Structure formats: C-alpha cells, structure tokens
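Asker: The residues making up each chain are set out below.
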Amino acid sequence: MLSFELGDELSQLQATVKDFAAREIRPSLRATEKNGPSKALSEAFESLGLLTLDWPEAAGGAGLSAQYRAVVEEELAAGDLGSAFALDRGGAAAVFLRTVGTPQALDALKDLASGGARAALAMAEAGKAQDDFRVTAQRAGDGWSLNGTKAYVLGGGDASVHVVLAQVEAGKGLPGAGAFLVRGAQGIRAGKTWTTLGLGGTPLREVHFETVKLPASARLEAPGKLPATLRAFYDALGITTAARAVGAARAAYEYALGYANERQAFGKPIGHFQAVAFTLADMATQVDAARWLVWKAAWQSTQGSATAEVAAAQAQALETAFFCANMAVQVLGGAGYVKDHPAEKWMRDVKTLALYGQHAQAAEATLAAAELGTPLDSADLFPASSFHPAFS
Amino acid sequence: MIDFQLSEMQDNIRQMVHWFAENEVRPMALEADRTHQFPMAFFKKVKELGISNGPVPESVGGDGDGAGGTKDKKGVKQNNRLGVIGAEEMGWGDPACILSLPGPGLGGPPVTIMGTPEQKKRFLSIFKEEEPHWGAYGLTEPGAGSDVAGIRTTAVRDGDHYVLNGTKCYITNGARAAWVVIFATVDKSKGRAGHRAFVVEKGTPGFSVGKIEEKMGLRASETAELVLDNVRVHQDCLLGGEKHYEGKEGFMGAMKTFDSTRPLVASMAVGIARAGYELARDYVKDNFMLGRPIARYHAVEAMLAKAKRRIDASRLLVWRAAWMADHGIENVKEASMSKAYAARSAVEIMGDVVQIMGAAGVTNDQMVEKLYRDVKVYDIFEGTGEVQRIVISKRILKDLKAF
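As they're listed, the protein sequences go chains A and B. Going by the working numbering, the first sequence opens with residue 790, and the numbers climb by one from there. Going by the working numbering, the second sequence opens with residue 11, and the numbers climb by one from there.
There's no promise every hint is true.
Unchecked claim - Each computed DSS-like pair below joins lysine-lysine, with the alpha-carbon atoms no more than 30 Å apart:
id : chain 1 : residue 1 : chain 2 : residue 2
1  : B       : Lys408    : A       : Lys1128
2  : A       : Lys1014   : B       : Lys295
3  : A       : Lys961    : B       : Lys295
4  : A       : Lys1134   : B       : Lys404
5  : A       : Lys1057   : B       : Lys295
6  : B       : Lys408    : A       : Lys807
7  : A       : Lys1057   : B       : Lys411
8  : A       : Lys1057   : B       : Lys408
To be clear, the hints were calculated from the coordinates, so they are not data collected in a lab. In this text, all values refer to a predicted model and were calculated from it rather than measured experimentally.
Could you put together the complete structure from these sequences and hints?
Answerer: Have a look at this one:
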C-alpha cells in the first residue's frame, strides 16, 4: 500500500547518520579532501557499522535492504560527497562481491569487514576504445595468471582486495571476459595517482598487474556470464550512487538556502529576490523528485529486477546534483567560487560522480533500452567497454 | 515504511479508468477537438458508467470519495490518492475530456468544505440525477488571477439578499454549469477578510454568459466568461453562512481547496506527458534511419529516458502530496512542488515528443499535435508555475511574506 513515510527504524537511522555527517564529516571536509579521512573520522564512521549494513550476514553484514543503503548514503553525502566516497572502504568492489555472492566473494567481504583495508574495482582502461579488455587472464596450471594495466581505479594499488575485469577469450568482448578476485598485493603495483577534478579524498590510480597468480576459484562468475553479472552490479551500485547524488544536491541546496537567508543586498536578504527564491524553490523540488525516484528504485530492488528504476533514479539524481551544485555556486556568487565555502568543492565533486560506475549516459541508455524492450545486458550499455570509460 | 505498491482497490480504479480512457475517450478526442465539444450522448454514457469530475458526498446521495467512500486498509480516507490515480489515466485519455466530465468540478470542494448541510444537499444532490449536470468555480477575473486577493466582483447586502456585480473569466464549464461558485468582496478595504463565496444558479436574472473562449488547446473544454449584472442571490446562497467568514475563512476556504486540486491537476499533466511519451516510444521502434530504428540513436534514447524519468518523478511528487492530504498532513508546499514540477516537465516532454516524431508530430490527425497544444495550460491554470514557486519560496525561506 502506498506509503510516503520512512517508519521508526529508518527514521532513527537517518537521524543518527545525519548527526554524524553534521558533527564529523562536514567540519573536516577540506582536510579529508586533501589527505583522506583522519583516523578519528574513520574510527567514528566504522563504529556506526554503516559499511556493512546491507552485506549478507554470512559476510559479516547486517543483511538490511537497499532502502537502508539509500537513506544512509544520502545522509553521508549531505555531509560531504567526497567524504562519503573516502570513508567507503568497500567501494564498488564490495558491491560487486555482494552481487556475485559466491562463498569466496563473501569470504573476501568478511575479511574486509573485520580489517581496516580498502577494496578496489579495476575495470576501466586507458587508451583507444576497443571491445576486449587489454588486461588478460590466462590459464596457468589449475589457476590463472593476470597481466596488464587498469586505469581510473578509486583506492586501487594498495587495496587488500581487488576485483579485476580481464579478457579470457580474445576477440569476444565482454562475454569473453571475466571478473577475478585478487587478494593480497603480490604482483600488484600502483602506477600514477591522478590529480582529479573532485572526490579528492580517495586516490584515483593506475594499477599494474604483473603475472598475478590466482587460484581457479578466483574467477567470480561462470564463463559468458559477465554481462549479466555487470547488469546486477550496476543496478546495486546505482542505488548508492543515486542516493549520494541526492545527498550532494541537498547539501548544496541547504547551504545556498542558509546563505540566501543571511546575505543582505539592497536592504533585504537576497532570498527575498525572486530570481534567487525561484532558483531555491526549483532546487528544493528537484531534490525531492530525485529522492523519491531513488527510494522507489531501492524499494523496487526488494521486489525483483530494478534495472529501469535504478537507471531512472541515477540519471535523474545526477542531473539534480549538478543542477543544485551549480546553482549553489551561483547563489553564493563570488563566495561560491572561493574555498571559504564548500560550494565550489561540491560542484567539482558532483561532476566526478556523473562518471562513476554506470555513468550518466549509460544510465540513460539503459533506461531507454528497458523501455524499448532491448536486452539490458548488451555490452554497449556498459561503460566498461564503451568509448566513454567511467571510473570505479 | 516506504511502499509504492497500489492497493488492489487503487489498482482496480486505475484499470477501470484506463479502460474508459482508452476505449471511450480516445476515439472521441480528435473529433471533439475539431468540433470544440463532446456530444451529449457521450456525457450520458459517462454518467451511466458512474464517472464524474468530482466527488459527491454520501450525505447527499453521492458516492462520497468517488469510489464508494471506501477508506484504505488502515482506515484512512483515500479520496486524494484515488483522485490522482484516476486523473492521470483521464489525462492520458484526453486532457480536454477530463475537464468536461459532468459533476461539480472545481465548484465541488468549496461547497463540500464551506457549505452548510442544507447547501450541500441543495447544490450537490443534482449530481445523482440521471441527466448530466455541471458545477463550476468562478474565481478568476480580468484583473485578478492567482492573486485571489485582487478580486473586484462586489457583493452588497440588501435585506435577505446580496446583489452581485462583476465579470468572471476563464471559467471551465461556466456556460453549461447548473451553478457556479462566485467569489466576491463585501468590502474591498478588508482585503481577504472581505471575501465571500456565493453559489449562483444558472438562469438567475442578470447572470449571463459573455463569450466562449477560442483556445490554443483544450478546445473541447468549455471556457466561459460570466457576467454578473445586479444579480440578486438569497443569503442562503452564501457558502457556509455569515458566521463562516468571521476571521479569514472566506479566503482560506478558497485556498484550502488547492491542497487537493493542485496534485490533481499535476496528475493530469503526468497523464498527458505519459500519453505523448508512449506515442513517441512506439514510433521510434518502427521508424528507421540509415538501416536502424531511430530508437537506437543516443540522441533519441536520451530524450526518451529523460521524459520517462521525469514522468515517474512527477508521479511520485503527486502521490506524496495526495497521500499527505489523505492523512491530514499540511501539504501546501508539496502540492505546489508536484504542480510546478509535473506541469513544467509535461510541457517540456511534449516538446521533445513532437521533436522525436518530426513531421508526424505536427499534423493534426495525430494525438501528439493536440497534446502539445493541450499541455501548455497545465503550467498556467490552478496557479501558474511562477505562483507555485512563490508558494514554495515562502515555505522554505525565512521571513518571506511577499516579493
């Protein structure tokens, strides 16, 4: 039955995370952007147990639904989008492992939950677009040998767990590729760390894999099933991404609203001028619109396939985040452009968000495919092999 | 807990109204647009099917919520939710038709909210008759639109009667209505506190139809100018009686109705956008360029995806506002958000729909061309997009009373 209230449990969780975001994340956002999260911030975050909230119990998680994830990620990102990424040790790799759900994947998650290290998903590659991954996984005895270089890997290189997409059968593109679980550091070398537009608290790296020896069980899905696995993975990751986009949009909106209430011009608050007020009204409306799409997608994912709903939520939320971040800078004017206020940072962060995982164009193409009845695991819907690589 | 599943009853209503929209309304739509009206035989059929443009309370023999007066499983009234669910389907069928359906229309809420039991019985019981009847809502004037405070129609007390003078314009179903709720002022110096709402019946001496508007869209919907020239109405026609107006209720009564009607109008806009979107989506599958369906070009995909997600987002904003109204939660901001977003989105979506369909989108033997014309007014009536943004602004900014 239609209901537009969170209920007690989710409301309490929301309040807890909101409080944490206001007290711990927001005041240190510049330091986090520069150096990554401080030890104190990380410890405070870990103590809340948010990282593993929706991981299966077998992986040391609480087994909660995507609706919890959506609420939590919005609140964290409403503190600061870059910090929400920096604190997320599991990243896209944890979502991938959770999606796969095999015993070795759950085991890797369990170690991740109890340790303090990061996981990273190595997906994109630099250079001219082609159907095959340049990183290869070759049979070596009973197991595999991994070789090649990945690009745009958030938190890659020094992570304790890497999930790596690699070509198994040459010339077959995505259906001929596989996802491999790499634990430990043997044969892994961090390449350059890029200076980025946004999300400064998490290093974006090039990662070299040099004859990395893996057991047979390292392959995470059955041959030919990578496109289907990727679809499920993007559906799950999309809820986190979209919820963060809503949080970032809300942060920008609320900051601009507060500024417009205080800043005086021509004898009244600038919010009392229609051009500013209507901008804020549109921001408020679009934040709500995007949030409902995200919550609907999260709800749908508890009912069955949510590919179309997630794609819609993600495309909408990304658009909203950019609109709000851009308009927040606009409302603040000169103050929006300088680093005394976080508006400029959020405008940089949200642009980066639109290139993360299933990027904005891929989300739109996926939604259109769902509506037109075309296959949803078709390789051209995935940024992994498109002309337009996303980072992960 | 958040839930987006319609109840079985809500879904049955949706399916029933959709069936009607698809099978009875759509086939009439283009012809009605050309002739500027739906035939009376159509309205009789509508009555027989029990479909109306507004709820009639059970106390006067109506079916209450417009759905047997049934409450939801938790015992909460659901007329707002059922209303928006039905309105989307009717908007999908034909946006001019939904405004033309027999029933009290926008005149219903003020009578239901402000009227005395005697007034409800007197003015609403006609809608249970077999013959189709209409009610109407006369607020807008040549010099006063969304700024309700600016109305200039006067009401002067004369013994047991009031004498009304003024002109009302853009009144939906104004000429065919059995009665119209007319807003007038008894004392301009009192501003909103001087406002009164009267029910003026068709045929009252001095009450006449000026012109019927020719419009860009919604051509099959009747939009009338009404002239009040020394119209004498008995005090029994003052909605709620004099007592009701102690304080600012006169004006508030008028505004209260918006909390229900803005989501309703927004929902019709969702239905229009969905209708256009579906036509474009089906079109692109079957039309080829350079050997592949135009659906497979990203520029087209992006327009389709943008339309689809904005339609879905609009619907959720509408449903939330209706859900709040049903639960008695103040929803003025949310109702305006739903109207502001859904209407503006629908106008933009119809622009994209026509663009996707190219020449086929601009010929008048196509529903798309009509919907493109019809949709624009949804960002204008029941409070323009700008008025919705004023309402939202006042509720988010500190100490903002007016611009």
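Asker: Would you mind marking each hint as holding or not holding in the structure?
Answerer: Hints and how they fare:
Under the criterion of a C-alpha separation no larger than 30 Å, the hint pairing Lys408/B with Lys1128/A is consistent with the structure, at around 26 Å. Restraint check for Lys1014/A and Lys295/B: the C-alpha separation of about 28 Å stays at or below 30 Å, so the hint holds. The suggested pairing of Lys961/A with Lys295/B holds, with an alpha-carbon distance near 28 Å, which does not exceed 30 Å. Proposed proximity of Lys1134/A and Lys404/B is supported: the alpha carbons are some 29 Å apart, at most 30 Å.
Of the supplied pair hints, the one linking Lys1057/A and Lys295/B is violated, its CA atoms being roughly 54 Å apart against a limit of 30 Å. Restraint check for Lys408/B and Lys807/A: the C-alpha separation of about 22 Å stays at or below 30 Å, so the hint holds. As the CA atoms of Lys1057/A and Lys411/B are separated by approximately 12 Å, the hinted pair is consistent with the 30 Å bound. In summary, the hint linking Lys1057/A to Lys408/B is supported, as the alpha carbons are separated by about 11 Å, within the 30 Å threshold.
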